[in-house]
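Asks: For the sequence shown, our numbering begins at 792 and goes up steadily by one.
By construction, these hints were calculated from the structure, which means they are not laboratory data. Possibly wrong hints are sitting among the right ones.
[Claimed, not checked] Below, simulated SDA-like cross-link-like pairs (lysine to any residue); rule was C-alpha separation at most 20 Å, straight line:
1. Lys1059 to Leu1037
2. Lys1035 to Ile1001
3. Lys1097 to Thr1198
4. Lys863 to Lys999
5. Lys1112 to Glu1183
6. Lys865 to Phe1087
7. Lys1059 to Lys1209
8. Lys873 to Gln883
9. Lys988 to Ile1056
10. Lys1209 to Leu1172
11. Lys999 to Asp1053
[As the list claims (entries may be wrong)] Label pairs and their in silico Cβ distance ranges:
12. Asp1075 to Gln861: 48 to 58 Å
13. Met1027 to Glu870: 50 to 60 Å
14. Asp1075 to Glu1126: 32 to 42 Å
15. Gly1140 to Lys867: 43 to 53 Å
16. Asp1157 to Val1182: 32 to 42 Å
17. Met878 to Ile1177: 39 to 49 Å
Being a predicted model, the structure only gives us computed values, none of them experimental. Even for Gly, the Cβ is constructed at its ideal location relative to N, Cα and C.
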Amino acid sequence: MSSSLTSPYTLEERRLQGIVQQCSADLKLAMDKLTSQKKMIEQQRLQQIEKDEQYKIDLNSAEEEQLKEQEKLKNKQKEKEKQLREMLQKMQIELETFSEHYGNMQLALERQNKLSYMLDHAQENLDDLEKKIHEHIDMTETEIREKSSEGKLRLTRLGNLSSEVKRINKGISLKENDIKATKATKRESPLEIFSSKLDRALTSPYAKRISQLGLMKKKLYEQPVYARTAFAIKNMKQLDMLLKRLTDITQQNKNAERSKKDLVIKYKAICQLLDISPDEKLEDISGSTLKLSQTFEELQRLYQEKKKREYVSHAIEEVMKRHGIFFQDIGNNNELQFSMENADLSVSGTDSDYLTLEVTGQYSGDTPTMNDRRKSTTAALHFCSILSEIVEELKQDFGIVFNNITTVEPNENRIMMKKLRRHSNKKYHENTKSMVMH
792 MSSSLTSPYT LEERRLQGIV QQCSADLKLA MDKLTSQKKM IEQQRLQQIE
842 KDEQYKIDLN SAEEEQLKEQ EKLKNKQKEK EKQLREMLQK MQIELETFSE
892 HYGNMQLALE RQNKLSYMLD HAQENLDDLE KKIHEHIDMT ETEIREKSSE
942 GKLRLTRLGN LSSEVKRINK GISLKENDIK ATKATKRESP LEIFSSKLDR
992 ALTSPYAKRI SQLGLMKKKL YEQPVYARTA FAIKNMKQLD MLLKRLTDIT
1042 QQNKNAERSK KDLVIKYKAI CQLLDISPDE KLEDISGSTL KLSQTFEELQ
1092 RLYQEKKKRE YVSHAIEEVM KRHGIFFQDI GNNNELQFSM ENADLSVSGT
1142 DSDYLTLEVT GQYSGDTPTM NDRRKSTTAA LHFCSILSEI VEELKQDFGI
1192 VFNNITTVEP NENRIMMKKL RRHSNKKYHE NTKSMVMH
């Protein structure tokens, strides 16, 4: 019977060899997993690079298309403005033709009303066109910003993946707990989020209006490195409030700029209606909005006065013609000059609330004779007798109401006499003939 004894040292050696073999197997398994993960991350990084390249191509293509679309809209706007200018020129030519040649009055009045309607709505059409252009430009800018944000996010992810690969390459020789740490998903720290928000805010052109932003960044970097995260967490809510203020300021400035552009367009349009040249300084978007607004309001007042003067003048001319008193010319201070048998009539104050009608006698010799004065006084008395009819027709047909009427009875000794000019007499006879034909 035989037996053998194993040395305790041999048993310990075997146990240690078993532990070494197990550790080697675990390390090999961990290295295999790490290599596999590294290949997978590298493959994802290459795929992400391809996607980002394609995205850059698509973004450039989209920007080119948007620029082309904006160019088309600008060309359409220029074409529309050109058409409006041509239409205004045609309207002016027709109005001048109407002033020179009296044709069928009913047809001429209908045409004039139509032209006035087109003129009143020209500004509305121009405003609608500009509004549509602004809306399209805003949509285009929003789309480009969204695509740019998406691209930045993808580039950020790519940078994170690259950092992850470098960290894994560096961690191959670390301990087992370091290998496990590489498997955890990396998240942005509060400090990174805070710094990113603050940096984006400081790039805004309106960041200088909120001094707390610059002061907050200065305080952040004055903190020790270990205390910056706590500073970020503590001031995150205040930063969000400042960002909201910055967003409101940006939107207010955009709205103000858009309103300024709309006001410039209206200013140019009313300058066209008044046939005056726009002030280039007022057309500048960066100029004073208050001065532009005041100028526009003043031009609006002038335009309303012009429309009122034209309406009153047209009404008086129409009613006077019914009674054989014909329009001749426009004198100083927009004074309307009419001609009737043996006398002239001047009407002033059409642009105010007070009308003055004055009858002037006519004579053809060197000095007015008593017969000339008698004829002129008779003409003035006749005009005074039909004045009530003229006032009533202005009220009923054109809505022009006189609250108070004061007349001075004509007198042969006091009536003002004016030497009759040949071309005035000729015009009177031509108008008399035209009246007979109609």
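Asks: Determine for every hint whether it applies to the structure shown.
Replies: Checked hints:
no.	hint	result
1	Lys1059 to Leu1037	33 Å, violated
2	Lys1035 to Ile1001	11 Å, holds
3	Lys1097 to Thr1198	28 Å, violated
4	Lys863 to Lys999	36 Å, violated
5	Lys1112 to Glu1183	15 Å, holds
6	Lys865 to Phe1087	24 Å, violated
7	Lys1059 to Lys1209	44 Å, violated
8	Lys873 to Gln883	15 Å, holds
9	Lys988 to Ile1056	38 Å, violated
10	Lys1209 to Leu1172	17 Å, holds
11	Lys999 to Asp1053	27 Å, violated
12	Asp1075 to Gln861: 48 to 58 Å	21 Å, violated
13	Met1027 to Glu870: 50 to 60 Å	53 Å, holds
14	Asp1075 to Glu1126: 32 to 42 Å	39 Å, holds
15	Gly1140 to Lys867: 43 to 53 Å	45 Å, holds
16	Asp1157 to Val1182: 32 to 42 Å	38 Å, holds
17	Met878 to Ile1177: 39 to 49 Å	40 Å, holds
The structure is inconsistent with the numbered hints 1, 3, 4, 6, 7, 9, 11 and 12, although it conforms to all the rest.
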